[in-house]
Structures are given as C-alpha cells and as structure tokens.
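Student: Residue-level listing of the chains:
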Amino acid sequence: MYPGYDMTPPDPRQTRELRLEIEEFHADYCWTLDCGDVERWPDYFADDAVYRITARENADAGLPVGLVYADSKAMIRDRAFAIKHTQMYAPRSMQHFVTNVRVLEAKGAGIKAQSNYLLLQTLVDGPTTIHQAGRYYDSFVRAGRRLLLKERQCVYDTVLIANDLVLPV
Amino acid sequence: MYPGYDMTPPDPRQTRELRLEIEEFHADYCWTLDCGDVERWPDYFADDAVYRITARENADAGLPVGLVYADSKAMIRDRAFAIKHTQMYAPRSMQHFVTNVRVLEAKGAGIKAQSNYLLLQTLVDGPTTIHQAGRYYDSFVRAGRRLLLKERQCVYDTVLIANDLVLPV
Amino acid sequence: MYPGYDMTPPDPRQTRELRLEIEEFHADYCWTLDCGDVERWPDYFADDAVYRITARENADAGLPVGLVYADSKAMIRDRAFAIKHTQMYAPRSMQHFVTNVRVLEAKGAGIKAQSNYLLLQTLVDGPTTIHQAGRYYDSFVRAGRRLLLKERQCVYDTVLIANDLVLPV
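Protein chains in written order, with this note's numbering: chain A, 1 to 169; chain B, 1001 to 1169; chain C, 2001 to 2169.
The hints are simulated quantities; they were obtained by calculation from the structure and are not laboratory data. Quick reminder that beta carbons are idealized off the backbone N, C-alpha and C, glycines included. Take the hints with a grain of salt, since some may be wrong.
SDA-like cross-link-like pairs, simulated, lysine to any residue; straight-line CA separation at most 20 Å [unchecked claim]:
| hint | chain 1 | residue 1 | chain 2 | residue 2 |
| --- | --- | --- | --- | --- |
| 1 | B | Lys1107 | B | Thr1008 |
| 2 | B | Lys1084 | B | Val1038 |
| 3 | A | Lys84 | C | Met2001 |
| 4 | C | Lys2084 | B | Met1001 |
| 5 | B | Lys1084 | A | Met1 |
| 6 | A | Lys73 | A | Trp41 |
| 7 | C | Lys2084 | C | Trp2041 |
| 8 | A | Lys73 | A | Arg142 |
| 9 | C | Lys2150 | C | Arg2079 |
Short, incomplete list of chain C residues facing chain B, as computed with Cβ under 7 Å [stated by the list, open to error]:
| hint | residue |
| --- | --- |
| 10 | Glu2024 |
| 11 | Cys2030 |
| 12 | Cys2035 |
| 13 | Ser2093 |
| 14 | Gln2095 |
| 15 | Thr2122 |
Each pair of labels, with its calculated beta carbon distance range [to be verified]:
| hint | chain 1 | residue 1 | chain 2 | residue 2 | range |
| --- | --- | --- | --- | --- | --- |
| 16 | C | Gly2062 | A | Asp37 | 12 to 22 Å |
| 17 | C | Ala2090 | A | Asp48 | 49 to 59 Å |
| 18 | C | Arg2077 | A | Arg145 | 37 to 47 Å |
| 19 | A | Arg77 | B | Lys1107 | 50 to 60 Å |
| 20 | B | Asp1011 | C | Asp2048 | 19 to 29 Å |
| 21 | A | Glu17 | C | Gly2108 | 19 to 29 Å |
| 22 | C | Lys2084 | A | Pro91 | 34 to 44 Å |
| 23 | C | Arg2077 | B | Asp1011 | 21 to 31 Å |
| 24 | C | Pro2127 | B | Asp1060 | 14 to 24 Å |
Looking at chain A on its own, in the form it has when it is part of the complex (with noise of 0.2 Å):
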C-alpha cells in the first residue's frame, strides 16, 4: 500500500477502457526508455510532475528519501540530460516488462493506477539479470488525447539494486 493509492478501486468492467489506455501509455513510455531515447522521456509528464524511484522499505516507512527524486518536468529533463550528456557507463541493454495494471480511481480529473514492473539489464558479453523489480504507482492527467504522468512513484522490491548508475525507470 501506497500513501495515496490505498483507496478501495472502482469496478474494474467500469474502468477497463482506461485500463487498456495506461498499458498502452506504459508500452510506449518503456519503449521510449529502452532504445535509449531518454530525451524523450520527459514528454510523457505534466509541467508540475513528481517523479520518485525508492525502495519499498523507504515507501513503507513513509520517508521522503529516494533513489531519483524530481518535482518538476524541468527537473526531469535536467535528469535526462546529465543520463544523456555526463554520465559515463558500460553499454548496456535495458527491458521493462509491465503487467498487472489496476485502476485504482477513476473520477473526472482523478486517474491514479498501480502496475507491475520488472526490468532486465543485458551488460555486454554477461547475462541478462532482473535489475529491478517493483511497481509503478501513477497519477495522470489528460492532456487532449494523452495521458501524461502527474506523478509516478516507482517503488521497488529489490534491494541491492546497483545504484552506482541509476537509469530511469
């Protein structure tokens, strides 16, 4: 349970439209991350967007501290340059595989949904392992025919996540 998304959720045949809707939101939103195209990654949030990568026991305990934190689109994008301009990593292949999305409310403005996560890493000539495991706690706004993220907290089981580099999620 999630500060704020712990509501009880409406009927799901009520809001299955927009249930197909966020799973195709997150099929792109995760494409878009996994070729790399993270420039393009701050267009799929709202002007005054909260984006959050924290660790379960953090999420449960209530603290305020994360992995990534970033209440704006500016800050975001700030983020999105420094992964694309200054940071120095190994190549890499990332995969999001998203699953499991619920509605939780449905109400005019009011979009907030909750969905399964799980990321792969392929590093050059090793395995591919599970980077990251965990959920995507989302609230959306419509912005004419789109949806974009008003916030997302994305909250992760895994903890010994190698966080000397931290993609987006």
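Following the hints, put chains B and C in place on chain A, whose structure we already have.
Tutor: The following block gives chains B and C in isolation, referenced to the frame of chain A:
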C-alpha cells in the same frame, strides 16, 4: 496440457471481454497476496473450491500429490490462518507477473482459462530472484458481478523451489 | 529500432482491437511452443514468411546473420522437424511471457507490431533461469479470420545464450 483443460479453445475474439475480466481478476488476486494480505486470499474462492500447487512433472504423470492441496474454501482459510499466525519466516517481498491469458471454455457456467505466472521473491538484503514460474489452470464461477475460483491448479516448472516455506500463488 | 519497424505508430486507441488480437495470437503461439508441440509451430506462419532470431548487436549493425533464419514456411517446417526428430537434448521446460505490445502500423493489409518477450527455461533438477529476453518485430497478414506471421524478427538482448540448442521463440 492439464487434464480437464485440454479442449480446443473458442475463437479468442468471441471471448475477449472474458479474457480482460480474468486479467483484472488476476491483478486483484495477486495484489492481495503481494501486499501480504493473506487473510483476504480465501475471498477469491467459491465454497467448494479446489486449490493445488504442484510440480509439472507430477501433473504430467497424473499424480494427485502437490505442495499444497485444499478442496474447500474452509481449508483455504485454514491455510491462510496458518501462514498469518503460526509460520515463522524471514521477511520478504513477493511480486506476481501474470501474462498470456487464454480462455479455454466459456459456455454458460463453465469458464476455464490458463495463464502464465512469474513469482519473484526478494529477501531483505538479497537480490530479486525467480521464486517460481508456472501456469494457472483456472475454473471460474460467477457470483453476482464477480468471478470466483472454483478450481485453481498452479503447475510450476521450477523444480528447485524452496519448499520450506510455501506461500500461496 | 529495427529497420522497417521505425515508423511513428498510430494513436493506440485507434488500434486497440488489433492490439488485443495480437496479444491473443501471442498467447496461442507461445502455448504451442511451451507445451512442446513444435510440429504445430509452422501453422502460425504464411507460406512466404521470414523468421529470424538474431542478437540486438547484429540487428543494430544491419547484419543479416542470425542464430536461426528461414525465409519460407517450408524452411520453418524443416526446422520444426529437425527439432522434433533429429536433435538430442536434455529435457527442459520453457515458458514465454509476452508484454508491452505496440501496434506500429495498421493500414489495410499492412499490420506491424512489436512486443517484449521473456523466455524462461527450467532444466530437470535445476532452477528456473532467464534463457532469452528480447523483442518480437512482427508483420501479420490476415488469412480468413486468423492472423498469420508474414515476418517475425526475434531480436534478443541476451548475448550469452546457450546456442548449442536453438529452440524457436
């Protein structure tokens, strides 16, 4: 192929709404387990439900044995109680990923489906590992607007699972 | 990005029914492989189908080489026969998880999509491991009410795959 689930499935386009409904069932069911709310786990079953977790080699050989076996909601409730109140085990996070849902039968009261599940486990201070991978063979009944499990056969490929602690799947 | 699959995709809401149909195709296709029914595997392809499994680095470099290559249903059938009747290998269970389906093109006869696949392998008396993770780049044609693959490019991230035994993906 699992006995009783080896029929020729109907055209998937005819059963799409049911497939989506089963996906939503899985998402709720798995979330209940993943957030450790095992006392709510029996709520997903009909009174006379059968629940079993068994290895693929046992299933293929037609053996009735299994890691877990319950043939009523009361037995399932007993098991939930035991996990909650009597077993001792190190804290861990579990996460289910369910994909590849196939509706196998959808005539009147008879609803059967199969799905792939991947269960990840993270021990405190450990990496995230594959705890169990397998298939659900499910029979559902309708109870008002909800689906309930009349039978769930969890058939896992993973031979070397830690069987000292058997959590529901 | 895979050559021929790098177009701007249509609005996902316009192609949702097709996306769901492709998910259903994947579920059937993968089940055929996962239950070892390799002789039925060619049934998912059109007569002039191209099938290839190749590493991402080869795909990125535009190299035509691959772990497996077939440019007709007849060649695919030959391969299925070889696996069934001539190759010797230790018994194992395979399980596919397919997620993140994106429709890339849907105009008239032209149907293109990409999807993520995770292929798990379990050897007898071994743990379940990640055998291969990658992406399907698919072109479909309609044959009556069914979809058939006109092209399937399986591009895997996993560099260190066991290439002594190459099963279909």
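Student: Would you mind marking each hint as holding or not holding in the structure?
Tutor: To see whether the hints hold, each was checked on the structure:
Proximity of B:Lys1107 to B:Thr1008 is assessed by CA-CA distance (about 13 Å); at most 20 Å being required, the pair is judged to hold. Of the supplied pair hints, the one linking B:Lys1084 and B:Val1038 holds, its CA atoms being roughly 7 Å apart against a limit of 20 Å. Taking the CA atoms of A:Lys84 and C:Met2001, the gap is near 18 Å; set against the 20 Å cutoff, the hint holds. Proximity of C:Lys2084 to B:Met1001 is assessed by CA-CA distance (about 18 Å); at most 20 Å being required, the pair is judged to hold.
As the CA atoms of B:Lys1084 and A:Met1 are separated by approximately 18 Å, the hinted pair is consistent with the 20 Å bound. Between the alpha carbons of A:Lys73 and A:Trp41 the distance comes to roughly 10 Å, so the proposed pair stays at or under 20 Å and holds. With a C-alpha separation of about 11 Å, the suggested pair C:Lys2084 and C:Trp2041 falls inside the 20 Å cut-off, and the hint holds. For the suggested pair A:Lys73 and A:Arg142, the alpha carbons sit about 16 Å apart, so the restraint of at most 20 Å is met.
Taken as a hint, the C:Lys2150 and C:Arg2079 pair is honoured in the structure, with Cα atoms around 17 Å apart against an allowance of 20 Å. Because the smallest distance between the Cβ of C:Glu2024 and any Cβ of chain B comes to about 4 Å, under 7 Å, the interface hint for this residue holds. A cut of 7 Å between beta carbons decides the hint on C:Cys2030: the least distance to chain B is about 6 Å, and the hint holds. Interface hint at C:Cys2035: satisfied, since its Cβ lies 6 Å from the closest Cβ of chain B, which is below the 7 Å cut-off.
A hinted interface residue such as C:Ser2093 counts as satisfied when its beta carbon comes closer than 7 Å to some beta carbon of chain B; here the least separation is about 4 Å, so the hint holds. Evaluation of the C:Gln2095 hint against chain B yields a held restraint, the C-beta minimum of about 6 Å falling below 7 Å. Among the interface hints, the one on C:Thr2122 holds; its C-beta lies about 4 Å from the nearest C-beta in chain B, closer than the 7 Å criterion. At roughly 19 Å, the beta-carbon separation of C:Gly2062 and A:Asp37 lies within the given 12 to 22 Å, and the hint holds.
Between C:Ala2090 and A:Asp48 the beta carbon distance is about 56 Å. The supplied range of 49 to 59 Å therefore holds. Checked against the given bound of 37 to 47 Å, the beta carbons of C:Arg2077 and A:Arg145, roughly 45 Å apart, stay inside it. Checked against the hint of 50 to 60 Å, the pair A:Arg77 and B:Lys1107 passes, with Cβ atoms roughly 54 Å apart. A hinted range of 19 to 29 Å holds for the C-beta pair B:Asp1011 and C:Asp2048, which are about 25 Å apart.
At about 26 Å, the beta-carbon gap between A:Glu17 and C:Gly2108 stays in the expected band of 19 to 29 Å. In this structure the supplied range 34 to 44 Å holds for C:Lys2084 paired with A:Pro91, their Cβ-Cβ distance being about 38 Å. Remark: the range hint 21 to 31 Å for C:Arg2077 to B:Asp1011 is upheld by a beta-carbon distance near 25 Å. Between C:Pro2127 and B:Asp1060 the beta carbon distance is about 19 Å. The supplied range of 14 to 24 Å therefore holds.
Comparing the model with each numbered hint stated earlier shows that all of them hold.
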